[in-house]
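The primary structure of each chain is shown beneath.
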Amino acid sequence: AQSVSQHNHHVILSEAASLELGCNYSYGGTVNLFWYVQYPGQHLQLLLKYFSGDPLVKGIKGFEAEFIKSKFSFNLRKPSVQWSDTAEYFCAVNALKDDYKLSFGAGTTVTVRA
Amino acid sequence: NAGVTQTPKFRILKIGQSMTLQCTQDMNHNYMYWYRQDPGMGLKLIYYSVGAGITDKGEVPNGYNVSRSTTEDFPLRLELAAPSQTSVYFCASSRRENNEQFFGPGTRLTVL
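Order-wise, the sequence lines are chains A and B.
Just so we're aligned: the first sequence equals residues 1 to 114 in the numbering used here.
Just so we're aligned: the second sequence equals residues 115 to 226 in the numbering used here.
In isolation and in its complexed conformation, chain A is listed as follows:
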């Protein structure tokens, strides 16, 4: 299984600040990329996904992510966070080589202060 690295374990922000969460993966072949969010006490929900095409992907709730193939990265961004964005964020990757089994990063906890 390939590895997925999320650079930040815990990020604390004030409302209206910009957010960027880093994600790097180890596999160089064809991959599908995902960002999931887990709000407190809830299950994982898909924020956005990249399969092919435009490397800048827009998701729900104003989130976007950019796939940079040369850097093996899929960073998540939001220009202006809200208190309701407090959650844990997971980057995930699957690849043909691994029979499309999903590999998750360790997660980044984002705390937004009002």
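Don't take every hint at face value.
Straight-line C-alpha distance at most 20 Å; calculated DMTMM-like pairs for lysine to aspartate or glutamate [said to hold, decoys possible]: (1) Lys-97(A) with Glu-214(B); (2) Lys-61(A) with Asp-85(A); (3) Lys-49(A) with Glu-15(A); (4) Lys-128(B) with Glu-193(B); (5) Lys-61(A) with Glu-20(A); (6) Lys-158(B) with Asp-85(A); (7) Lys-158(B) with Glu-214(B); (8) Lys-101(A) with Asp-170(B); (9) Lys-101(A) with Glu-173(B); (10) Lys-58(A) with Glu-88(A); (11) Lys-97(A) with Asp-170(B); (12) Lys-101(A) with Glu-214(B); (13) Lys-69(A) with Asp-54(A); (14) Lys-101(A) with Asp-152(B); (15) Lys-123(B) with Glu-186(B); (16) Lys-49(A) with Asp-170(B); (17) Lys-61(A) with Glu-214(B); (18) Lys-58(A) with Glu-214(B); (19) Lys-171(B) with Glu-20(A); (20) Lys-158(B) with Asp-170(B); (21) Lys-158(B) with Asp-98(A); (22) Lys-123(B) with Asp-140(B); (23) Lys-97(A) with Asp-140(B); (24) Lys-69(A) with Asp-98(A).
No wet-lab data here; the hints were simulated from the structure.
What you are looking at is a predicted structure, and each value in this text was computed from that prediction instead of being measured.
Got chain A; can you put chain B on it based on the hints?
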């Protein structure tokens, strides 16, 4: 659609006990998955299934068993519970292998 449902939500087991975590999906997805989530570790794949009657091991299968007799159900069995199995367990399903996975609400299991 209820999506992916899991029961129970919480459970405390004693060492050596056994139990089955239930997972059902009503989206007619062929692919189903079991993960465990431990703090700071992300989600690790335990077992997965590509259709009724077909299951395969994931990254951390030891101590667990699964079956897939129907498209809808994918129960996870713990035969001899150990403290190392204390975790939050998530079931997920997808239409195809490279599609978005839909997750259930999770089961928080504590083994004492």
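How the hints compare with the structure:
no.	hint	result
1	Lys-97(A) with Glu-214(B)	18 Å, holds
2	Lys-61(A) with Asp-85(A)	9 Å, holds
3	Lys-49(A) with Glu-15(A)	25 Å, violated
4	Lys-128(B) with Glu-193(B)	12 Å, holds
5	Lys-61(A) with Glu-20(A)	14 Å, holds
6	Lys-158(B) with Asp-85(A)	24 Å, violated
7	Lys-158(B) with Glu-214(B)	17 Å, holds
8	Lys-101(A) with Asp-170(B)	11 Å, holds
9	Lys-101(A) with Glu-173(B)	10 Å, holds
10	Lys-58(A) with Glu-88(A)	19 Å, holds
11	Lys-97(A) with Asp-170(B)	16 Å, holds
12	Lys-101(A) with Glu-214(B)	11 Å, holds
13	Lys-69(A) with Asp-54(A)	12 Å, holds
14	Lys-101(A) with Asp-152(B)	19 Å, holds
15	Lys-123(B) with Glu-186(B)	19 Å, holds
16	Lys-49(A) with Asp-170(B)	25 Å, violated
17	Lys-61(A) with Glu-214(B)	18 Å, holds
18	Lys-58(A) with Glu-214(B)	15 Å, holds
19	Lys-171(B) with Glu-20(A)	34 Å, violated
20	Lys-158(B) with Asp-170(B)	14 Å, holds
21	Lys-158(B) with Asp-98(A)	14 Å, holds
22	Lys-123(B) with Asp-140(B)	19 Å, holds
23	Lys-97(A) with Asp-140(B)	29 Å, violated
24	Lys-69(A) with Asp-98(A)	18 Å, holds
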